[in-house]
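Protein chains: 2
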Amino acid sequence: MKYPIITLLLSIFSFGQVQKEQLNLMPWPKEIKVNSGNFILNKDFKININGASSDRVYKAASKFLRRLDGRTGTFFNQGFITQNNEFPGANFQISVKNVASLNLNRDESYQLSVSEDKINLTANTDIGAIYGLETLLQLLQNNSKTYYFPLISINDNPRFKWRGLMIDAARRFQPIEVIKRNLDAMAAVKMNVFHWHLVDDQGWRIEMKNLKQLHEKASDGLYYTQEEIKNVVKYASDLGIMVVPEIDVPGHASAILTAFPEIGSTPNFKYSVERNAGIFTPTLDPSNPKTYTILEKIFDEVCPLFPSDIFHIGGDENEGKEWDANPKIQEFKKSKNLKTNHDLQTYFTMKLVPMLKKHHKKLMGWEEIMTNEMSKEAIIHAWKGPNEGKPAGESLAQAAKNGYKTVLSNGFYIDLVLGVENHYLTEPINEKFNLNKSEIENILGGEATMWSELASPLTIDSRIWPRTAAIAERLWSDVSVKDVKDMKRRLSSVSVRLEELGITHLRNKGVILRNISNNQNTSAVEEFSKICEPLKLYSRNKGGTEYQMYSPLTLFADACTPDASDAVLFNDLVNEFTNNKTNETVKSQILEFLKKWKNNHSELVKLNENAPIIGSFLPLSKSLNDISTQLIYKLENNSNYNPELANKLWIECNSKEYADVELGIAESLKKLITFI
Amino acid sequence: MKYPIITLLLSIFSFGQVQKEQLNLMPWPKEIKVNSGNFILNKDFKININGASSDRVYKAASKFLRRLDGRTGTFFNQGFITQNNEFPGANFQISVKNVASLNLNRDESYQLSVSEDKINLTANTDIGAIYGLETLLQLLQNNSKTYYFPLISINDNPRFKWRGLMIDAARRFQPIEVIKRNLDAMAAVKMNVFHWHLVDDQGWRIEMKNLKQLHEKASDGLYYTQEEIKNVVKYASDLGIMVVPEIDVPGHASAILTAFPEIGSTPNFKYSVERNAGIFTPTLDPSNPKTYTILEKIFDEVCPLFPSDIFHIGGDENEGKEWDANPKIQEFKKSKNLKTNHDLQTYFTMKLVPMLKKHHKKLMGWEEIMTNEMSKEAIIHAWKGPNEGKPAGESLAQAAKNGYKTVLSNGFYIDLVLGVENHYLTEPINEKFNLNKSEIENILGGEATMWSELASPLTIDSRIWPRTAAIAERLWSDVSVKDVKDMKRRLSSVSVRLEELGITHLRNKGVILRNISNNQNTSAVEEFSKICEPLKLYSRNKGGTEYQMYSPLTLFADACTPDASDAVLFNDLVNEFTNNKTNETVKSQILEFLKKWKNNHSELVKLNENAPIIGSFLPLSKSLNDISTQLIYKLENNSNYNPELANKLWIECNSKEYADVELGIAESLKKLITFI
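Going down the list, the sequences are from chains A and B. End of the first sequence sits at 676 in UniProt numbering; the numbers just go up one at a time, nothing left out. End of the second sequence sits at 676 in UniProt numbering; the numbers just go up one at a time, nothing left out.
Isolated chain A (complex conformation):
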């Protein structure tokens, strides 16, 4: 009976040597060295913290234990960590030199080394240490019986200071739990600025003690209390995240003007909270002294809620229509020697600088605030690009050259629902603009922007994640880290791990599918959703009036996401096949897909009998069914193939008329018709 036991032991303790290329780290660290051997995880795993006493690290380390426990089912004995040096002999030692202040100049570096019986994490600041914990979690490996960490040494530090995510809680209100889980997810990929878009045409979202009209008249009861805001700011701080609030002025002002119509640019106009999407005319009156009185009161109340030294005042998309139509404002412009509405807006914005300075805050605004007269202390948020008729990266380069600190969002507009590689390959320092060293230093980093016209609490996570992790890597890792295929491999691991932080991008898809399947089996709709993507580049919700901001988003397009999984697979296959038409394996895989979609269509037809919403995308599935029939003929050299019909069917497959989705495989179908 000796042999079986030895074999068992060998099988338990046989670990494949992990290669650096197999690790699921994201963002990829600066320096990383993998050694042979492993640190095996068991119930005695224990953490000891020493150096600077930091609540931030205590909390992160306690949560680290629970997350590791949840993944492995180890049930560690160690509970809440609340003090330094409790277990000097622990096999995981964390050393922190200083407690960081939450500003852009904090040290975020850390060093992590794993040997067979000891893990050491050292950092200059507690924020560096909490990043090291995230890296360690991503290093977890397993065989069939055991969990372990590979022996490794990592030295890490970010490339950019500003790695942000903006969430628009104004258009569609996003409750506190949405914000908190997204903060957790941000920290998991080492992002450090949460930009909270709190005010827009569609709502004012801050409880006001002195100007109650704002939340009472312009929020539909959907706002954050001041206690909740402080609570979020503290929660973010514990994760090393700075919160930058935004109150968008002087345009996007329907909500503010619903509460205070007297400071609007159209006299005696009955402003109301906007229900649709788009760019609207309501604008504050820059010639009215009361505008500034009210704004000062607002800043006096809102600034103290946010310890960050930066305040975002919006400033975008003011087309000046109300100003043009009001002779009094035009007269005022003339009297101040201001040539354009743009100059008038700068006059307005410059009045806000001292209001913010009083609270030790720098002004930040969207790129429209950048004119000759704008203070060089302002931070320019670059957002325009090819969609707005500007070359990509130009505004950012311009701001940097003009001597402004600047943050890039063009290229990181995740609400465009483009494929992840579009964002991943957006490089903030664009060589074509020939920036010098000090100009490059003006580029603080970048920020993913999640506008919420088409994102509700149910769906917003699936619009942000996992894609934003790729943006986080662009902003943290070396410029040379840009292999899209490898990024996608790592992203798939990050995606599932985000669930432990409460991110709902995967789970809520099932909710929508069950809803539209009317409590029938969802597998056919799910299959179809794997090749459908929501309409891109703001082509959904035409004219901004198909849905209102209070309309639920529970339809097929809301269950679909960019980077649809089967579409990605099929497109790869078709590319391979067009490169090598003799590859029979690939050909048979393509045929399998085509047959699956045919079969799936008949399932959808049956499902539709008791689920009307299925009918909204059934014509698209029908077109796919029909073109699949043709392509099967073609690939199987069946004489029934009808190229003319195939071309006609392809046009139908390329339709964007059904259920606000498009087939993510349309181009590949075209290739199969054309190039095979």
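Hints may be right or wrong, so weigh each one.
[Claimed, not checked] Derived Cβ-Cβ restraints for the label pairs, each shown as a range:
(1) A/N103 / B/P261: 40 to 50 Å
(2) B/E546 / A/P88: 27 to 37 Å
(3) B/N120 / A/E421: 49 to 59 Å
(4) B/G278 / A/T225: 43 to 53 Å
(5) B/N519 / A/P386: 31 to 41 Å
(6) A/Q17 / B/G389: 55 to 65 Å
Just so you know, the hints here were simulated from the structure itself, not pulled from any lab data. Virtual Cβ for every residue (Gly too), placed ideally from N, Cα, C.
Put chain B on the given structure of chain A with help from the hints.
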């Protein structure tokens, strides 16, 4: 070309006549009459409210529109309803006579009538009206193209006044969003009392302004702020739900005594927050005047947070061990002429009555508070039953006979994870106790109790729902409504609809399955979970020390639920087959299941190669695989069938040793071995 158009119209507008028996109403209404014809839903659907102006109805009606919209994708124009009589011509008219006060004597009745072009909902109170809205939502029907309501008239009213759900937020903290979504779900099945268990050995969960030690020392930072509590109370009130808080004294006191050891019954003992599950000794000292000083301060601060006129003081499971061990307390007992510890506890509890009365609150406690000296104004919460060595329903009957108002929880302990029929068939008015009319009137109703030793925010919904909807029906509907099969049919519809309120019982299962499958395909684990149920009757977490209260619950047992879907189907099949062994259809369905489980086992083996947690239940799947082989032999009359081996394998299939689950089909497997 005329005919096709007519056919099309006919097919669009052909509606099957709905029978009363097909409706998915739960709880089933008092009187219901279905007429032929339908009210067809379209974009012009509009609500008008008249009568008493009620914020509660405005909110419920606005949300009704969004929920109906989310199900149908109709995109109604009507947004937020904020005033009476806005659209006098609307096709849905709601009339409310009075705004209800939140007490047990409110009128909860409503009348609903649907004709082809008009819906009328009338109610004496706004709470009745919001119940009517829930009924209407449950009435929604569809064919393949259209949504509609059947023509119907309903007259409804509950049987019991108290239809409660208790959530234990003390053992495992349950964040605000967990509470809010469960309140929404309660309202959807017309439940009206939320009993919030806020204090126990494992934690104090209320922010205190005057006795900060309580939340600072005894909550691990996991507590509700007073603002959050007020917010929940308001949220509940909008749903017609009364909130009854519980501070459990004098036992279950580890948390209180962590903050105030000086009022504990063991002098100089260093009390600490309990991390395990079980019954613990820490108890307040009833002989110490400071105990009452502190309790009075607590009630003075906590009572005003809860407008309800009832306050639950726990009082359960004080075994008096600390009292017995303390001579000073025994002396005190003697000096007060109190014979038993039970009498001493009554002395203690009676001191709380005036403290609560000061705040206009009646005292409620678990049944242990019922002694001869207990005030008849107290409400007795009956919880003991066969599990505790008492006949079912006896304590409730006793309390009613003793002249106490009383609420039943025995039979409604949903944390026992029993099948839903166990709770559904628990009838509060048990004939065997021969209660007279006034005694019956003492029975206020019942309450489902969700203790949280084994329920985290991730899993708690799946322990509460959908089962609690069956309890809600028991407490609302006529005693004659008790067809288990029909209840299960309706429950399946309620289950999916709970998702629109944020209930996570279905979606979070996927989260756990993805976690334990280690980002591989989850279908094999999901299959297996359809026949596995978590260990019942508190047999999981042996000794209360396998897990701690901070341990995550992310393993296979946490993904499993009672009433496992395939187990229910298979058990029905086997019952049918044992009744009629010549039924070949049933036999082949049974064979299909057995073959599926064999195939699934090999999938699990493969999955386990890269997912250690799968290994924890693999032996159970192996036993099922092996017994399936034998049973296939048996059913196919194959001579390889080995009855001895089958019996041996069955013992293994009946094991409760793996991964804290049991096979929900074990009894059926036994029947196949024995009776076929």
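Here is how each hint holds up against the structure:
no.: 1; hint: A/N103 / B/P261: 40 to 50 Å; in the structure: holds (42 Å)
no.: 2; hint: B/E546 / A/P88: 27 to 37 Å; in the structure: holds (28 Å)
no.: 3; hint: B/N120 / A/E421: 49 to 59 Å; in the structure: holds (56 Å)
no.: 4; hint: B/G278 / A/T225: 43 to 53 Å; in the structure: violated (38 Å)
no.: 5; hint: B/N519 / A/P386: 31 to 41 Å; in the structure: holds (36 Å)
no.: 6; hint: A/Q17 / B/G389: 55 to 65 Å; in the structure: holds (59 Å)
Of the numbered hints stated above, the single one contradicted by the structure is hint 4.
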